[in-house]
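The lines below spell out each chain.
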Amino acid sequence: MSARRLWLVARHELAFNARRPMFYICLTVAGLIIWGLSSGNVSIIIASGDATVGGKKAFITSEFAAAQILAVTVATLMSFFVAAAAGMSVIRDGELRVGELLHATPLTPAEYVAGKFAATIATILGLLAAVIALMLLFFHAIPNAEMADTRGPLVLTNYLRPAAVIALPMLVFVSGTAFALGAWTRRAILVFVLPIVLVLAGFFFLWSWTPSWLDLRINRLLMMIDPSGVRWLGETYLKVDRGADYYNTQRIGFDVPFLLSRLALVVVGVGSVVIAGARFAATLRQSGKVKAGKGAELDTAAAKAPDGAPAATLTLGELAMHSSAAGFWHTMWQVARSEMRELKSQPGLYLFVPIIVFQIIVNSLSALGAFDTPLLLTSGTLAVNQMQFMTTLLSLLLVFYAVESLERERSTGFSAISNALPIRTSALITGKAIALCAIGVIVGAACLLACLIALLVQRRVGFEAFPFVLIWGGLVAPTFLAWAAFVFAAYSVTRNRFSAYGISLAAFGYTAYLALTDKLNWLGNWPLWNSVRWSDMSTLQFDRPALVLSRVFVLGLGAFFLWIAIRHYPRQDRDAIRIMHRLRPSALRTSLLRAAPALLVPVIAGGMLWRQIEKGPDGGPMEKKARDYWKKNLATWKDAPLPALASVDMDLGLEPNARSWTVTGTYVLVNKHDQKLDKVPVTVSPTWHDLTWTMNGARYSPDTASLLYVFTPPRALEPGDTLRIGFSYTGKETGATKNGGGAGEFVVPSGVVMTSFSPRYFPTVGYVEEIGRKEGKNDYEPRQYPDDFYEGVTEPAFGSLLPTMTRIRITTSPDFIANSVGEKISDSTSNGRRTVVWKSDHPVMAFNVVAGRWQVKRGNGTALYYDRDHTYNVKEMSEALDAARKYYSEWFGAFPWKELKISEFPALATYAQGFPTNITFSEGIGFLTKSDPKTNLAFLVTAHESAHQWWGNMLQPGKGPSGDILSEGMAHFSTELLIDQVKGERDALEFRKRIESRYGDRRRADAERKLLRLDGSKEGDETVTYDKSGWVFWMLMQRMGREATLRGMKDLIAAYSGNPDHPVLHDFVVHMRRYAPDTASYDDFVKQWFDTVVVPEYRVHDAKTVAAPGGGWITTAVVENVGTGRMPIEVAAVQGERFPSDSTNKAKTAQPYQAMLDSLTLGSKEKGSVSIRTSFKPERVVVDPNVRVLQLRRQSAEAKL
Amino acid sequence: MLSVRNLVKVYPGPVTALQGVSLDIGTGMFGLLGPNGAGKSTFMRILAGVLEPTSGSVSLDGRDVLAEPEALWSVLGYLPQDFGFFPHLTGQAMLEYLLELKGVASGKETRKLAASLLERVNLAYAAKRKVKEYSGGMRQRLGIAQAVAGDPRLIIVDEPTAGLDPEERHRFYRILAELAEHRTVLLSTHIVEDVAVLCPRFAVIRNGQVVAETSPTEARRMLAGSIFEGAVATGDLAALQAAKRVTQAVLVEGRNRVRIHEPSREAPSGFEPAIPTLEDAYFVLMHGRPNATNGTGPTVPSDARVPGVTPAVPDREVVR
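Chains A and B, in that order, give the protein sequences. Letter 1015 of the first sequence, counting from 1, is numbered 1014 in numbering that gives the first Met the number 0, and no numbers are missing. Letter 273 of the second sequence, counting from 1, is numbered 272 in numbering that gives the first Met the number 0, and no numbers are missing.
It is possible that some hints are incorrect.
What the hints assert, rightly or not - Simulated crosslink set (DMTMM-like; lysine to aspartate or glutamate; CA at most 20 Å straight-line): (1) Lys131/B / Glu341/A; (2) Lys129/B / Glu338/A; (3) Lys111/B / Glu408/A; (4) Lys129/B / Glu94/A; (5) Lys131/B / Glu317/A; (6) Lys129/B / Glu408/A; (7) Lys131/B / Glu406/A; (8) Lys131/B / Asp92/A; (9) Lys129/B / Glu341/A.
To be verified - Part of the chain A face toward chain B, derived, beta carbon under 8 Å: (10) Ala147; (11) Arg150; (12) His321; (13) Gln333; (14) Ser344; (15) Leu420; (16) Ile422.
Calculated directly from the structure, the hints in this document are not laboratory data. A virtual CB, placed ideally from N, CA and C, is assigned to each residue, including glycine.
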């Protein structure tokens, strides 16, 4: 091998790469991303630290942050460009026909391949160096006061180590395999298969699929096979938050298996090149395999060519030919046929189909809903859930297929002839577009097949074609067509394949950036990311006009891009001087006029869409009203004392089909404070019209400050005085949201959800803090309460100051059932209107109205209102509802109302809300949960929401830190009790493990506060409120004893029901102490788990077992608490599986479960020894086998013997 | 009638490929003769509508084909100098595709016609073979087949005989001759024999300018009595080339047989009169100016009025 020749090839290739616009586009996009990170506009970095003012922040300049940035940027951006450059290298020489010239020199194939790949490596290094330089520039050199506390010291190795270990191996792998694919197959499309597959597999599976039940070994395997390193980094260091201090100061500890996997990537990449080079060398001077038939002679041209002119050949005149310009349709069809024939011979699609099928099946079967519960798949949810995957895949595929299709004539040399054929350019382009539609059809068919398989595997829900036709045909197809047209236009204008790649990928990347930063709206959201929600009950009813206009707009844009593509298609080589002439203002004006017809549809549709957004809740006028509300009223009314709502009397007329409603009603307010109240503020919605007021029965015109109305009674309200405020108005949903995606409350033709928690539908007494607040602009951190804030009378965290009596009369169309709080007094239909009256049979802290077309399943004092197609979990939910009513009444106090209901609403939002007697469930929770006897998920969510009747309604938590824990934490605790009661110990144990794992995954080590000071304002507070608190209450019950605990809780609810004082956790702690058999133990527990932040984490060392003299076995081990907290813990020597989940046959042959326990108490960083004697030979040592102590990484707290 | 007026083409560089070419080409075969880089392919590509000129006009029967290339393409048969086909199609399939696009035939007729055309260019035996397996000559023949398909009124062939063996070349001559009976065929070549065999009229192009437009007969006649042939030793050839206008020099049995153009019509010593050939005329037309190295030697003014030779457009500076 001649080093000089190798260097010549490499130098030439490097020079070519340096001239490519594609790389500069890649660098520009990378630069924008890095700038976005440095300015806080983009956030893909470590979710750690304390986001509050003055809180500790995770540095963007740490090694961990740099690793994350490089891993994601390389995988999602740079790999495409590198694959294109590497893979097209040999193909390009073939197209340019320089191959023969090069290989007729002393240049050997090995030198050629090595030289080209060396240049590729050099290009990669250059690109990587440029990206690091950009990071140094934006993160260190260019100041940014806003982000100053996220910037640490400049440590070069923070960037170099991740670049060397994480970024470089992936780039070598991608470039090597792409190079090999290109050299081996000479097919441009295949070159791009790998980065597309890697991005899709990463986004939709490898980087995000980490359920708590995943086997550790499988998890490790997935970490090793993920070439980007994102999964390894996340699972090893980022998933369980280690705190900003750790990330800011520590190095990444690359473990040996990970390093070996990186090395393997490099080996595969380089090895691919070596193999491809060997094949290249072997086939360079051959024409391929000579196929000899059954003893037939070699079929050579010379052997076959006739000796002279063939006899009896027709003259050209006798052929009687004539030509005419082939018509548009004929040409289009011929071109389409030719293109499809070419597609058939492309192996790319054959590779994609199984990959797509596999990916979708995995995605679908692992989709998660609320509380991380697996979703029950329906055709509609599948169609929408896979929409994002489909549009991403199709968009990326189309870039390469479309460009290569347009490039085909030029690269084969056929353009010299085809450009002079009597065919219309429009027919040529349209024919190619039609052939590309075949790709869409194939991908769509593969996705459909995968969805069908997923449904079959699930075996619960049947297949329906309509949702797929509607979503994929009606919504995805326009995206596909418009994007293809855009790519066509990019190629036609630039006349360069790589520029077209660059522009298209940059446009795609920019849209993704807007989506990630929540800056997309209907106008820019051409792929409809995050804007479509499927509801079996309400098919695309929400924002439907905007959805339709969006598709018309996108199709119109597609037509415009197609016009540009046709107009600028390189049919003719342009003259440079004439191009200058065409850029004259008059010439440009003429061009614009010519473009006008093509621009008409997108301009009109776009204008209408913009108008829809402006008229909607996120539009300019509404935002201004909200802003004015905030400006005018914040200072005056934020903490003003308010009267309590004593009663509500309301007539509500619902017109779901028209999305409108009318309300006439009265609030009776009572002053429950010790002071006079001379003004009463009431907040309304900007969507109301014809609003009139009365006060104490007389017409009244309150002062108004934007959306807030101020009532001034003639005489100030003394303590105990009442005030009657009457109101009447009509409301109508107008316009569209900014980017779709649903809403928590709505009036749509298929369902209604209205609550008293917001002024959207009903007047709200007081000032509403959320209105007009914008994150990053005028938001503020929550109030810091004094330590004794809970003393005295504490206002409620939500709902009315005191429980209220309600009477709500609802009229609607006869096919609707309308539910509200309390008891149904009457239900009649006349004159085509159904009228139902609900009256509270016991005071309620809030009210709601839900309407839909339902079936009803009644239980013991319970009722389940559900969509007729959602019967899957109805039985389980009804049983859970009955059990909840029965057992919660027994444990926490009698249920004071007559009936407990659950009402299902369309999945325009995914939540459940425990209103008194009328729990609302989104169809995606409970009803469409993939419940099975092992997981009891439908039971779980029903139990949790039902518990809120007690913890949230009968006991209204107080306002301030820790109040919400008495609602959500207690609901989780109650769920655990109910599961244990009804389903048994195994299921209760599984539930505890699940919420423990969820807590471990989602906690923020730096931001976590003690339970007594938790106010829900920080990231990570949610899992502490729900999961950790639920666990803590359960551990408290273990400490105090079940009977004493339940007695204490029952008395607590009784003490605070209807009480003007509302309890927080401090009150709970004080109250429960009276029931503790051992107050010292109780105090110790409270100190640790309520008043500090602790969470143990155990490890087992030196575990071994030996035969004991005299029979049996002695097992010894050292147990260490590497976490915090001090808890008594059980350690067991275990044989067999406690709850074998396999078939009966297997269970019979498996070892029976046996365990012998020892216990010890370990504080933070303490070790202790255990010695356990057993009569059986144990297989492993398990810490806390009965799942009694909340801990992190439970799977690591055992050791095999 | 194909009329070309003041055609100019300037490439970025700047490189002036055509310096105001004007020609009128009627029915029949017309040759465009010139060395490599003279501007022939640029001229052909502009006429075929695949390259935009910097200025000038081209009309076919009074219709401006630069403004409406689509109108030209429906009556054009074009064989470029450098072209390719879709490698994975068979020759038959490729030709059928082109016939369909040209509107020559459709449906079952296409297959029959394609087979006939392939027969005509002696490619019937390879009809079912993929184009990527074709030799250069076979591809050229396939290109010829598509160029002559239909009933084009204008056929433009750019260096068509490259890659063809002598027998194939003659077969191609017959095809073109047959076509040229009733239509305009524009043949661009640097092979003088092609013009001699096929073209009743031709133009010589040099450095983007047409330096002469004549017929082979006229071109030979203009040199009557001024061409002499003799033998010289290899060592004397250079001196002879410096002193005389050598039109051809070939090795025969180890000695150089040279032909010279002597405008004075006096035979130099050792030389005898010879019948002028088209190669002689081509050389004389191409090298009308004195030899640039020594300034000596006979000259032919660029607008010399050679009897029977239509004057070319005079040299002029192109505004850069």
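Comparing the hints with the structure gives:
Simply put, Lys131/B and Glu341/A have alpha-carbon atoms about 14 Å apart, close enough for the 20 Å limit, and the pair holds. For the proposed pair Lys129/B and Glu338/A, the alpha carbon gap of about 16 Å is at most 20 Å, so the pair holds. The straight-line distance between the Cα atoms of Lys111/B and Glu408/A is roughly 26 Å, outside the 20 Å bound, and the hint therefore fails. As the CA atoms of Lys129/B and Glu94/A are separated by approximately 17 Å, the hinted pair is consistent with the 20 Å bound.
For the proposed pair Lys131/B and Glu317/A, the alpha carbon gap of about 31 Å is over 20 Å, so the pair is violated. Our distance criterion of 20 Å between C-alpha atoms is met by Lys129/B and Glu408/A, whose separation comes to about 17 Å. Proposed proximity of Lys131/B and Glu406/A is supported: the alpha carbons are some 18 Å apart, at most 20 Å. Between Lys131/B and Asp92/A, the direct Cα distance comes to roughly 16 Å. Compliance with the 20 Å bound is thereby established for this hinted pair.
With a C-alpha separation of about 13 Å, the suggested pairing of Lys129/B with Glu341/A holds against the 20 Å cut-off. Look at Ala147/A: its Cβ only gets to about 50 Å from chain B, farther than 8 Å, so that hint breaks. With a cut of 8 Å, the hint placing Arg150/A at the interface with chain B is violated, because the nearest CB-to-CB distance is about 47 Å. At its closest, the beta carbon of His321/A sits 4 Å from a beta carbon of chain B; the interface hint therefore holds under the 8 Å criterion.
This hint holds: Gln333/A has a C-beta 5 Å from the nearest C-beta of chain B, less than the 8 Å allowed. With a least beta-carbon distance of about 5 Å to chain B, the hint placing Ser344/A at the interface is held under the 8 Å criterion. Annotation: Leu420/A was flagged as interfacial toward chain B, and the flag holds, the nearest CB pair being 5 Å apart, inside 8 Å. A hinted interface residue such as Ile422/A counts as satisfied when its beta carbon comes closer than 8 Å to some beta carbon of chain B; here the least separation is about 5 Å, so the hint holds.
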